[in-house]
Every structure is written in structure tokens, then in C-alpha cells.
Amino acid sequence: DGGITQSPKYLFRKEGQNVTLSCEQNLNHDAMYWYRQDPGQGLRLIYYSQIVNDFQKGDIAEGYSVSREKKESFPLTVTSAQKNPTAFYLCASSTESGLTEAFFGQGTRLTVV
Amino acid sequence: AQSVTQLGSHVSVSEGALVLLRCNYSSSVPPYLFWYVQYPNQGLQLLLKYTSAATLVKGINGFEAEFKKSETSFHLTKPSAHMSDAAEYFCAVSENTGFQKLVFGTGTRLLVSP
Chain U
1274 DGGITQSPKY LFRKEGQNVT LSCEQNLNHD AMYWYRQDPG QGLRLIYYSQ IVNDFQKGDI
1334 AEGYSVSREK KESFPLTVTS AQKNPTAFYL CASSTESGLT EAFFGQGTRL TVV
Chain C
36 AQSVTQLGSH VSVSEGALVL LRCNYSSSVP PYLFWYVQYP NQGLQLLLKY TSAATLVKGI
96 NGFEAEFKKS ETSFHLTKPS AHMSDAAEYF CAVSENTGFQ KLVFGTGTRL LVSP
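In order, the protein sequence lines correspond to chains U and C.
For the first sequence, the working numbering gives the first residue as 1274, with consecutive numbering after it.
For the second sequence, the working numbering gives the first residue as 36, with consecutive numbering after it.
These are computed hints drawn from the structure, not numbers from a lab.
Be a bit skeptical, because a hint or two may be false.
Unchecked claim - The calculated label-pair distances, taken between Cβ atoms and stated as ranges, are:
#1 U:PRO1312 with C:PRO65: 44 to 50 Å
#2 U:ASN1299 with C:SER38: 40 to 46 Å
#3 U:THR1359 with C:THR112: 48 to 54 Å
#4 U:ASN1301 with C:THR112: 33 to 39 Å
#5 U:ILE1324 with C:PRO114: 40 to 46 Å
Claimed, not checked - Only pairs whose alpha carbons sit at most 30 Å apart, straight line, appear in this in silico DSS-like list of lysine-lysine:
#6 U:LYS1330 with C:LYS84
#7 U:LYS1344 with C:LYS84
#8 C:LYS104 with C:LYS93
#9 U:LYS1282 with C:LYS84
#10 U:LYS1344 with C:LYS136
#11 C:LYS136 with U:LYS1282
#12 U:LYS1356 with C:LYS104
#13 C:LYS93 with U:LYS1330
For clarity, every value in this text was computed on a predicted model and none was experimentally measured.
For each residue, glycine too, the CB sits at the ideal point set by N, CA and C.
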């Protein structure tokens, strides 16, 4: 079945460490996104990519980095510069057409310990 | 830039009662509008979408929403709530200008009591 796979589901990080969240899709979608979810704040866009080897900052990109070397993959690195990284992270993908919706992965819950 | 406002962070209904979740949007161009549902510790699942066809949109699980341009609203309704409807619901908007970039509301948690 086609879909988006995020791993791991739960991740614990010590302060000062970088961690990478994985996102893979087999929907043949061109566009991919990373959102951060905090209670009461909805989903906020971190980074998005419309095509391989290209990506743009979203609303809260500071402290995060991404790469898009393959169409299927869009990993997110949470760096030590991110002041408050504990959150639920969601990856999504879509076609470029505005007529179709975004499909979401199951999320990764990151906790700084 | 587009934005979404969801009135009420929590809505409580009894099983069998009408569900009404409110969403108002702001967009400088004709919008596309979406409702998503999220169960605890899971991703988002599309309930329904408006893409400038019929203004009354029917979705999965008996939900529907009506696009009202004059009121800039896209409220979600269901005639009779079921216990399994308890979840968080997000309204989202994107601009009808090519590349889709969704902007989400802050979400409404629906509580269903027996």
C-alpha cells in the first residue's frame, strides 16, 4: 500500500545532541513537508520541498535542517540550536496540484531528556 | 497571506447529538479548504475538502461541511455524534494559486459523552 512512513515513533534526545527524523513516501509525490505540533498551537510548517534538491524554509525553520536528495525521502534534523525541540513532528506529502490534499505520516514524538 | 480560525479549543456533545465545529478563513484568492481528523498519537486523516466545486461537501464517517463565501466560513457538521468521533479536528486552507502549502487552524478537540 502507498503511504508515508515516519521513524522512529518515539525519540529521546539529550540536550546538545542533533537527531534526525526519517520520512519516506512511496506515493510518487513531488512535494514534501515537515510540521511541528504543540498542544493548542495547531501545526506549524518547518520546511517544505517542491522538488528534489530544492527546499524552502517554513514559518519556524530556526534550529532545523533538511535535505531532499531523493524524491521518496525528506529527513529532518533537529539541531542543538533548537531551543525547545520537545514536540510531535509530522511529515506530509502531496502532488503539486492544489486540488489534492496532503497525506500525513504517523508522526514522531521527540522528547529532550 | 491566508489564515484559519477555529472557534473553541474543546467542544463537548452527547452521543447522538449534532456536531458543529467552526472554521473561518482568510484568503486573498479563492481558497481550497480542508478538514482533517487526528486520533491520539497519530497522523492526520483527511475528512473532506472544498476545491471550488459544490459548496456542500460530504466526507467520510458522515461528516459534511458547507463553504459560505459571504461568511468566509467552512463549518464541519455531523447530524449524530458517535463515541468513535472523539478526536481532534483541524481546518486548513491553501491558496488556489498552484503549489499547495497548507495553513492549519489550532484545532478543536471533540469530546463525546455517552
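Checked hints:
1. Evaluation of the 44 to 50 Å hint for U:PRO1312 and C:PRO65 yields a failure: the beta carbon distance comes to about 32 Å.
2. Our hint of 40 to 46 Å for U:ASN1299 and C:SER38 is violated, since their Cβ atoms are close to 33 Å apart.
3. Between U:THR1359 and C:THR112 the CB atoms are about 35 Å apart, so this pair departs from the stated range of 48 to 54 Å.
4. Between U:ASN1301 and C:THR112, the C-beta spacing of about 34 Å keeps the proposed range 33 to 39 Å intact.
5. A hinted range of 40 to 46 Å for the beta carbons of U:ILE1324 and C:PRO114 is consistent with their spacing of about 43 Å.
6. Restraint check for U:LYS1330 and C:LYS84: the C-alpha separation of about 26 Å stays at or below 30 Å, so the hint holds.
7. Restraint check for U:LYS1344 and C:LYS84: the C-alpha separation of about 26 Å stays at or below 30 Å, so the hint holds.
8. Taking the CA atoms of C:LYS104 and C:LYS93, the gap is about 18 Å. The hint holds against a cut of 30 Å.
9. The suggested pairing of U:LYS1282 with C:LYS84 holds, with an alpha-carbon distance near 28 Å, which does not exceed 30 Å.
10. This hinted pair checks out: U:LYS1344 and C:LYS136 have alpha carbons roughly 18 Å apart, not beyond 30 Å.
11. Taking the CA atoms of C:LYS136 and U:LYS1282, the gap is about 25 Å. The hint holds against a cut of 30 Å.
12. Our distance criterion of 30 Å between C-alpha atoms is broken by U:LYS1356 and C:LYS104, whose separation comes to about 40 Å.
13. Straight-line distance between C-alpha atoms of C:LYS93 and U:LYS1330 comes to about 34 Å, which puts the hinted pair past the 30 Å bound.
Going down the numbered hints, you'll see the structure goes against 1, 2, 3, 12, 13, while the others check out.
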